[in-house]
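Start from chain A and add chain B according to the hints.
As you go down the protein sequences, you meet chains A and B in turn. Its first residue numbered 39, the first sequence is counted upward by one per residue in my numbering. Its first residue numbered 11, the second sequence is counted upward by one per residue in my numbering.
Simulated from the structure, these hints should not be mistaken for laboratory data. Each residue gets a CB set at the ideal place from its N, CA and C atoms; glycine is no exception.
Here are some chain B residues pointing at chain A (derived, C-beta under 7 angstroms): (1) LYS232; (2) GLY233; (3) HIS243; (4) ASN247.
Between beta-carbon pairs, the in silico distance windows are: (5) B/SER144 - A/VAL58: 24 to 30 angstroms; (6) B/PRO246 - A/SER163: 20 to 26 angstroms; (7) B/THR185 - A/GLN165: 58 to 64 angstroms.
Taking lysine-lysine and the DSS-like style, the derived pairs with C-alpha atoms no more than 27 angstroms apart in a straight line are: (8) A/LYS162 - B/LYS242; (9) B/LYS242 - A/LYS172; (10) A/LYS160 - B/LYS242; (11) A/LYS162 - A/LYS172; (12) B/LYS236 - A/LYS125; (13) B/LYS236 - A/LYS162.
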Amino acid sequence: MTNRLLEIRNLEIDGESDEVWHEIIKGLDLDLDRGEVLGLIGESGAGKSTLGLAAMNFVRPGCRIRGGTIRFDGQELTEQSETTLRKLRGVRIAYVAQSAAASFNPAHQLIDQFSEIPVVHKVKSRQDAEADAKDLYRRVLLPDPNGIGYRYPHQVSGGQLQRAMTAMALSCRPDLIIFDEPTTALDVTTQIEVLTTIRDIVREFNTAAIYISHDLAVVAQMADRIMVLRYGELVEESTTRQMMSDPKMDYTKSLWAVRSFKKEAETAATEINPVVKVDNVTAGYGEEDILKNVTFEIHRGQTVAIVGESGSGKSTAARVITGLLPPRLGEVQFSGEALPKSFKSRNKDQLRHVQMIYQMADTALNPRQRIRNIIGRPLSFYLNLRGKQKEERIRELLSLIELEPDLYIDRYPDELSGGQKQRVSIARALAAEPEFIICDEVTSALDQLVAEGILRLLDRLQREFNLAYMFITHDLATVKAIADNVVVMLQGEIVEQGPKTDVFSPPHHEYTELLLSSVPEMDPDWLNELIAHREKHGVMTSTSTS
Amino acid sequence: MNRILLMVLQRFGLGLLTLFVVSIIIFVGVEFLPGDIAEALLGQGASPENVAALRHELGLDRPAHIRYIDWWAGVMQGDLGTSLANRRDIAELITFRLSNTLFLALTAAVISVPLALILGVLAALYRNGIYDRSVNIATLGAVSAPEFLTAYVLILYFSVKLGWFPSLSNIDVNTSFIDKLHQVTLPAVTLMAVILAYMMRMVRASIINLLASAYIEMAHLKGMPKLRVIVKHALPNAWAPIANIIAISLAYLVVGVVVVEVVFIYPGLGQLMVDSVSNRDIPVVQACAMIFAGTYILLNLTADIVSICTNPRLLHPK
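This is chain B alone, in the form it adopts within the complex:
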């Protein structure tokens, strides 16, 4: 047990280190972009004196590494800082956006994960049959189309032609849950199209791989019923690969959300991040990037822990 705990802690430490590296990369990246927030806010007609004054006011005239260290000092105390664009507290600014993004991502995940597992296992069981082939063609098609294309096609048919769903998501603090679901349908379907296909294909591949192993043949030769072979003999060995597939897909979901939010003008974290990058609002970009990276790392960590905890070699050492 101690060994497992040690491995989990090790992974966790590595995750924190990754987060740190990500923060540097983002900071340096935004720093390299031409122009800064003072120019973005004041517009092209501003006099150099005005720009310099605003810079001084925002503290942008200090060297980059000082600002970076300052930012960390704040984060350590739980203070994400204030937005340079509108002086609002970033934590406050993000909370509402984050809850919207999570709502969208979760809706997509809750439907697509179980569906992908079922479709994938069925495709593996009836492999090379008509079901398998048609599912394969459909999912390949879905994977190949970029999200924005899928999104615009969905908008064209379901909001412009049929008028069933809104093409723009209009959500504020007072929107009811049912109304939210209605608003979120098209963005969620766009996201699902991609990850469902990907997950399903990976589940199919890993189950087929597993079903070819000698112990599965042995289970058949012991006269075990088909369902028992799958549930008792294949699944316990499938958790590790499946957990990995799900984690990677969900991580992709969190990233894919950016594009989808922009297309549907959905008031989520992704859109906020894109807006903030274009006004060079470094603290907001940093905060958003940390949240995205943190989610990514947390999901992968979970997958690692699941693989460790379902591996008999680690659970029952010699």
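Bound conformation, chain A alone:
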């Protein structure tokens, strides 16, 4: 008997958009042995998820399998009836989705959603299924394993939901689990815990797995073998260690690129008055304080990175500075003068000097306006530019963000790529000729190569115009690349701040240490060593309170 579990040959999948079919997967082969973990890596649109789902012979609405074979445990899936396939799904092949919060049904308790798989497929009785659920909840290290199943999804944290979903995938002890970006939506500290759980459980049950991620460092910890995909085609395939130490193709090497970008020299504060000073600010929504006594300053030509997990108050700080959320206590100063608390009472000049670039360029740009109007609006609003002067300035700004003016000035946002849209957002912020720009997770929705381009552009503009940036991010690799100063936030308070070199070199604050050590590294042994280290020294391993 052969050890081969899954064998995909020459798979072709088409997707439909605007009534036109185009190829998503262009003739891919994939082999997987029992108990083996295969990593699928690539940027968005590479076809990773489509390929992963195809292992269950499942395609999303608007897609179709055009050709090829999918052989699972000797059975040709493309020839099976929908009923046969249904009996396979959940029982022999299970799926763990990217967002557990969205993939658990909000109307049912976790344990009901677990039990329905073995019960509907007549593998176990309801009673046995519930007992098994509690046992698995214990093994994936969920708190209160006997009680947590009776909670509803919204009563459980994101990291816990992701583990509950891993437990659910195991309910029928499948031969294969497909993990589709299971940790992408989590904070780094939570990601570690979930990664460890997934890896241990997969080994313990000797389950084969396909692990999909855009993050090479994460895949390196999980997979025995890695396939790099791009535009629905295979770029490179080899064992994890070989791929890490000796990538063959240029594209694979380029996936490291953002980590190699580094700001040239750090800028020290030059003048006495900072451009922006957040002075002892307390702010929040309703009764709750999200920011507590926060003080930091940003000087001309400097980049200050605000780091922290979701809920730590990073974006709230931005809202206070822009005046969208008037603080309860404290004030925001601009060049030594206090700004009115609400944007409504600030004058045009005060508004002009604080600009913002958002995470999702898709939603931050009006889809019904041409680029000319998007960039032109701040020019006429703040600077009273009209006619020819305005037109010239728009073209100048487009050249600054490295987009050919003749080609792009009359386009709509929909006619641009993700990276180009973010460049337009930058141009719109620049158009106001501000002294200070808030960049809120501006690269997190972008692929690594594109993100690197954006960072380089921001860096160049900073040097040319002596701009001050406040960079909100949860990605420490980005922080290391571009920041001068770092502010580390935890639950609305600043735990540590100072020049990057100080914050990032020991001795660290306990929480900074946790954050830094939680960022996955390319070394396939990184996770093992980290876990061993943490167990030995008994350091803080989590900030989750629920």
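Leaving out everything else, chain B in the frame of chain A:
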């Protein structure tokens, strides 16, 4: 549980406030119309003295705000007052009319709500198929035609040409149930044409929206049978939007009834209201408006309560 009770009470209070505002708007609105009941009753040839005498007799010479407060005082004691046109007790006048209107609206609702749900879910399941497309075209057509047009077309074919149903509804206290049903058929079908189409399209849209969610895909990937996915995974999350759709449609039904009743001379509340507006019979208009507004508010309140009670986040707080 207390939180839910509190929210329901809050909504209820808001409903009462709305009702109060509606009563002011109606009163002021009718007050602004040219002419009053004295002129309407006595006709154009009446001498100014006669009109003034009648006004005094009906109490119309008192300032508007006094009359409004008087009216509220009556309502608080359960007295809707008497019609200015024929001196009859309004409560009595309305009871028979209201029961007719409710009969018409209920007949339309009982048939159209379940039908709309079934058609809507089917259209969502077989979306973009021939069934979906033809249902879509038919319902779009029905929505686009105004009620009076639909009504006259129905009358033309089913009473004038075929003679199956009466074109005028002739209902009194002694009409039998079967006979009533026969009389009510054409008005009910007119009403159904509009709300059925509207409800069906909204149900289809909200189910399609729901079927695109990640937890539905997950249910398929867990190998759940199609029917179970719909019944167990989609429906529990669909109650809130569906309850809203039904409430809005039924509320529309109550309003749409006015036009339909006028076309078919159906002895219902809507017709009474239209007649009373044209003779400036303020107390009757007020009473009818309160009933329409109350129904509207009650239906929306019910929809709110259903959405609150089926929302797991509210039912099972952290």
